[in-house]
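> Sequence:
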Amino acid sequence: MATRSLWRTRAKLAVAATALCTGGAAATIATSDDPAAALKLCTAVPLRLLRDSATAASIVFDYQYSLWGLPEGSNERAKIKHEVHLRSARKLQELCFRNGGIYIKLGQHIGQLEYLVPQEYVLTMRESMLNKCPVSSYDQVCEVFKKELGETPDKVFDEFDPKPIASASLAQVHIARTHDGQKVAVKVQHTHMTDTAAADQATVEFLVNTLHRLFPSFDYRWLVAEIRESLPKASCLKIPLSEFTLSRNLDVLLYNWFAYDMELDFLIEAKNSVKCLENFRKLSPHIADYVYAPEVHWSLSTSKLLTMEFMDGAYVNDVITIQKLGIQPSDVARLVSQTFAEMMFKHGFVHCDPHAANLLVRPLPSGKRRIFGKKKPQLILLDHGLYKELDFSTRFSYASLWRALVFSDANGIKEHSVKLGAGEDLYVLFAGILTMRPWNRVIDPAVDHLVIKGSDSDRSELQMYASQYFPQISELLRRLPRVILLMLKTNDCLRAVNNSLGSSLETFLIIGRVSSEAVVEAKMMQMKSLFSRIDIWFEEFLFEARLLALQIAFWLLRVRNALT
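Mapped onto mature numbering (1 follows the signal peptide of the UniProt record, and there is no 0), the consecutive letters of the sequence shown carry residue numbers -27 to -1, 1 to 537.
It should be emphasised that the hints constitute simulated quantities derived from the structure, not laboratory data.
Note that beta-carbon positions come from the ideal geometry of N, C-alpha and C, so glycine has one too.
Some hints could be false.
[Said to hold, decoys possible] Estimated spans, in silico, between C-beta atoms of each pair: (1) Ile241 - Pro338: 25 to 31 angstroms; (2) Ala383 - Ser110: 53 to 59 angstroms; (3) Ala330 - Phe34: 35 to 41 angstroms; (4) Glu56 - Thr151: 53 to 59 angstroms; (5) Leu256 - Thr294: 27 to 33 angstroms; (6) Ser110 - Val292: 33 to 39 angstroms; (7) Val292 - Pro338: 17 to 23 angstroms.
[What the hints assert, rightly or not] When the alpha-carbon atoms are kept at most 30 angstroms apart in a straight line, the in silico BS3-like pairs for lysine-lysine are as follows: (8) Lys244 - Lys255; (9) Lys244 - Lys319; (10) Lys387 - Lys496; (11) Lys341 - Lys319; (12) Lys347 - Lys297; (13) Lys496 - Lys392; (14) Lys54 - Lys64; (15) Lys348 - Lys255; (16) Lys496 - Lys319; (17) Lys119 - Lys156; (18) Lys347 - Lys156; (19) Lys136 - Lys156; (20) Lys255 - Lys349; (21) Lys248 - Lys319; (22) Lys244 - Lys156; (23) Lys319 - Lys255; (24) Lys319 - Lys392; (25) Lys248 - Lys341; (26) Lys297 - Lys136; (27) Lys341 - Lys255.
Take these sequences, add in the hints, and give me the full structure.
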C-alpha cells in the first residue's frame, strides 16, 4: 500500500513536470523579442525540470521505502537513515553539478547549514561545492566581452590570462594587465546564468513547496527563501512565488519563467564596495584604515564584467601564511569581528557572504606595528554582490539582542527575539541558533558561556538538538524575516572564519561593545530631553562597567588556562 502511494507521488511529480515542459513554450518563442534565447530557454528548462523532479522523487522514495516499518530510536533505523542520507546527498550533489548556476548556490548553502540539515549533506556539499564550480570556456568569456565592450579580451587589455584563477557559482575571475600597466582582476559572469536563473529559482521553489504539501514533515521552504535572498539583486516577480497554490502552481510558474528579469548586475556590486568603504570612513573612522576593498575600473566594467584592482594577500583562514606575513591570527580574528559588528549594528549595510574565499589579509600598508613588533592586519573585502540593508528598527533590535546574549540577559533576549519575529514560543530556539549553544549555556553568567570549544561532545549535543527540534527549527526559519535569514547566514560564515583563526571570548567582547555602542547611539538619536539623555548616559556607564568586568574575567581565565 505504501509503495503504491509513493509511486503515485512520483507520477504526480512527473505529470507536473510534463505539463510545465510543454505548456506555453511555442507561444513564448513566437512572442519573444529574442526568439533564439527563448528557444534555448524552452529546450533547456524542461530538461532541467524533469531532472529535478526525478531526483526529488528518487530521494523521497528512498527515505519512505528504506525506513518503512523500522521503529523510531532503534539502532537499525539509525544505521539505515545514515545510509539514505548519504545516498540522497550524493544524488543532490550530482544534480547541482549537472544543472550548475543557482543549484551550485543551493549546494553551497547546504554545506554551511551545519546542525540544521543532516551531517551527511553538509559534508558532501562542503567537500565539493566550493572547489569544483563550473568554469566557462575562453570562447564563452570572449562572447561576454564582445557583447559588453565590443572587443575580445586581448584587445581590451594589454595582457589577459585565459585561464581563470578562481570560479564561483555565478562568475569566474581572470588576471589581466591594462594598457597603462596596472595589474587587475576581471570578473566575468557565466553566460548560462542569465539563460536559466529565473526558471531555476522558480523550479526549486515549486518542487520544495510541492514536496512539503505531499509530505508535511519535509519543510525546507525557509532554505528556498534564504537562497532567493542570497542571489544578486533581482527585479520583482510579476506574481510572487509565495502566492503559489497547487491548483495554480503550473500556470504561475510558467508565467514567471518568462516574465522574470534576473539582474545579475556587477555595477551594483561595484557601487556596494564604494558605499561600504564610505560607511567606514563616516561611521567607523577608528577602523577605516584597517578595512579595504579593491578599486573599480569603471570604464572597463559593465553589468556582466567587473574590472578591479588586483589584490595580494592571504586568505583569512590560512593561518600559516598569515603568520609568515608577520601578523597574529588573533589580531585578524578581532579585526573580522570588529568589522562585521560595525556593519551590522552601526552601518545597517552588511556584506552577507563573508566566507573565507571573500576575505583577504595583508599587513597594514602604513607599516604600523604592535608593541612587540608584530604587523597590524588590514582586512580586504572581496565579492560585494550580496549586501543587505537593515532598517533602523531591525538594526536596533538586532544590536539589542546581541547585547543581551553577550550579557546573559534572558529578559532582553526574549524581548528582542520576539521583535525580530521569532515569537514568544520559539525565542529560546532562536537564541540557540544564533549562538549555537543550548539555552542553559546562553543564560549562563560564566564569562565564556558563548564560546564554542568545537569538541566532539559539543558537536554531538548540537546535532542531537537539531534532530530533536527539526520541525520547530523549520517553523522558526520560515517565520523569520528574510533579512534575518541572511544575518544567520552571515553569522555562520563568520563563525567558521573565527574558528579557523582560533576564536576566543574576545570576539564576543567586541560584539558586546559594538552592539552596546550602537544601542546607545540609537537611543540618543530618539531622545531629545535632558533627563532622557542622562538616563542613557547612566545606562552606558553601567554597560561599560559590565564590559570591564567581563574583560577582567577574560584575562583571569586566560591566566588560569595558561597555568593549567
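> Can you list which hints this structure breaks, lowest number first?
none
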